[in-house]
Amino acid sequence: MNLFHFLLQNREQVLELTMEHLWLVGISTLLAVLVGIPLGILSAHWPVWNKPVLGTANIIQTIPSLALFGFLLPVPWLGDRADRLAILALTLYALLPVIRNTYTGIRGVDPAVVEAGRGMGLTARQLLFKVELPLALSVILSGVRVAVVVSVGLATIAAAIGAGGLGEFIFRGLAMVNNQLILAGAIPAAVLALSADFGLGWLEKRLRPR
Amino acid sequence: MEQTSANDPVIEFRNVAYALPGGQQLLSGLNLQVRRGETLVLLGRSGSGKTTTLKLVNRLLTPTGGEVHVNGAPTAESDVIRLRRSIGYVIQEVGLFPHFTVERNIGLVPQIEGWTSERVHRRVEELLRMVGLDAQLASRYPHQLSGGQRQRVGVARALAADPAIVLMDEPFGALDALTRDQLQREFLSLQLRLNKTVVFVTHDLREALRLASRIALMEAGRLVTILSPEDFLRSSDPLASAYVRAFRDGLDSAVNRGAS
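So the sequence lines, in the order shown, correspond to chains A and B.
If you're matching positions, the first sequence starts at 0 in numbering that gives the first Met the number 0 and goes up one per residue.
If you're matching positions, the second sequence starts at 0 in numbering that gives the first Met the number 0 and goes up one per residue.
Among these hints, one or two may not hold up.
Computed cross-link-like contacts, SDA-like style, restricted to lysine to any residue with a CA-CA straight-line distance of at most 25 Å [stated by the list, open to error]:
no., chain 1, residue 1, chain 2, residue 2
1, A, Lys129, A, Pro46
2, A, Lys204, A, Leu30
3, A, Lys129, B, Lys195
4, B, Lys195, B, Ala160
5, A, Lys129, B, Gly146
6, B, Lys54, A, Asp109
7, A, Lys204, B, Tyr140
8, B, Lys54, B, Glu92
If you are wondering where the hints come from, they were derived from the structure by calculation, not from laboratory data.
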């Protein structure tokens with residue numbers, strides 16, 4: 000039986016695990032964007048925050064993912080359900096690229112444009128929403144793209160703590176020494192990562208200011 | 000609002016000093032009055048404090064000593080957003096918003112001031128005509144314009160909400176000689192019609208002589224002297240006459256090269 004047949008025969012389960020996978024990645028990316036963009040703005044506007052914010056996000060990034068899942072397991076409420084835990088871990092990993100690119104994007108806005116805006120009497124909020132964020136958008140989006148691609152890969156490990164996703168095939172395949180099963184998890188995950196990369200890359204190019 | 004009569008200075012510097020947070024003194028003991036409807040040119044080398052002086056007017060910088068008054072009120076006590084919206088501001092780099100069309104660039108302040116879009120649109124068309132641009136350019140983006148066109152849009156944007164005061168920081172400095180000449184000419188005819196109070200920064204004596212009602216000569220963070228263009232050419236002040244000499248020498252040597 001080849002891989003294609005396996006996927007076809009188990010299409011319902013493949014689909015279910017793919018949806019679980021997308022759910023883990025989608026929610027964690029959303030949370031990372033909601034937390035990371037404000038933190039990036041904070042560190043771009045108030046340099047004092049730059050080091051602690053980016054430093055913390057950097058340190059989180061260096062914790063091995065299996066260890067992080069393990070650390071979070073005994074935390075009450077979080078540890079009750081594996082998917083909560085996986086989402087939190089994935090969010091933490093996704094923070095760095097989002098924060099860093101928001102920071103870089105805002106700092107990269109032409110100072111003459113910002114000065115003209117301030118001189119015209121834009122409030123700090125108007126400057127942020129009408130000028131800085133729109134001009135930084137494509138850079139921020141490229142950070143989100145990195146976060147998503149990394150998350151799709153990382154989320155396979157979430158199956159180790161029972162959070163589901165395409166990692167289930169991979170771990171089952173590892174346990175049963177079944178390469179086909181491993182590929183049945185790995186290939187859809189790779190396709191997800193590639194399509195997210197392509198889609199967000201296209202969006203990013205469209206939003207790039209001229 | 001304080002009542003001001005026509006003879007009161009529109010902008011007044013009272014013993015103003017400005018130092019960087021690190022302590023470096025950029026400006027000291029500045030006393031200066033700008034009269035209604037005049038074009039006051041701040042002339043000086045880079046680092047002489049002319050741009051600093053300009054930014055103290057719309058409070059992009061806040062004085063570390065003394066007071067700046069605009070329309071009779073100290074800027075330190077006025078609402079900084081209102082203050083800036085009542086003052087037009089043009090810079091050398093223009094600073095057009097690259098993600099906005101020409102129309103949105105010019106119409107931004109009127110729009111956030113709550114004008115109807117119909118009124119903003121009419122104002123933009125009027126301003127484009129005023130600065131000598133085709134109304135069809137309204138839908139273009141800044142990167143689709145030439146340097147001269149961009150600076151014209153910059154001027155139109157500064158005039159959008161019809162401010163009584165306009166600050167210009169070397170607005171024509173980055174343009175080629177012919178475009179600069181044309182824009183200076185248009186500035187003069189525009190100023191004749193609009194009668195704004197203009198503070199204009201330049202390091203170019205020729206530009207100063209051409210545009211100024213009065214020239215304020217600055218050096219090393221201090222005001223050296225204020226003179227009309229005619230008096231500037233005859234001045235016995237060592238720095239002013241050094242400027243004039245350098246200017247004449249430049250012309251002479253060009254002429255002599257042509258003759259030999």
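### Query
Are the Cα atoms of B:Lys54 and B:Glu92 separated by 25 Å or less?
holds, 15 Å
### Message
Just to be careful, I want the Cα atoms of A:Lys129 and B:Lys195 compared with a cutoff of 25 Å; is the pair within it?
### Response
Roughly 29 Å separates the two Cα atoms, so the pair is violated.
### Message
Run the distance test for A:Lys129 versus A:Pro46: straight-line Cα separation, threshold 25 Å.
### Response
It holds: about 22 Å lies between the C-alpha atoms, which stays within 25 Å.
### Task
Sort out whether A:Asp109 lies within 25 Å of B:Lys54, counting only the CA atoms.
holds, 18 Å
### Query
Does the alpha-carbon distance linking B:Lys195 and B:Ala160 stay inside the 25 Å limit?
holds, 13 Å
### Message
Please verify whether A:Lys204 and A:Leu30 have alpha carbons no more than 25 Å apart.
### Response
Status holds; Cα separation ~24 Å.
### Message
Holds or violated: A:Lys204 and B:Tyr140, Cα atoms, limit 25 Å.
### Response
OK: A:Lys204 and B:Tyr140 at ~17 Å, within 25 Å.
### Message
Holds or violated: A:Lys129 and B:Gly146, Cα atoms, limit 25 Å.
### Response
holds, 24 Å
Going through the hint list in order, the structure does not satisfy hint 3, though it satisfies all others.
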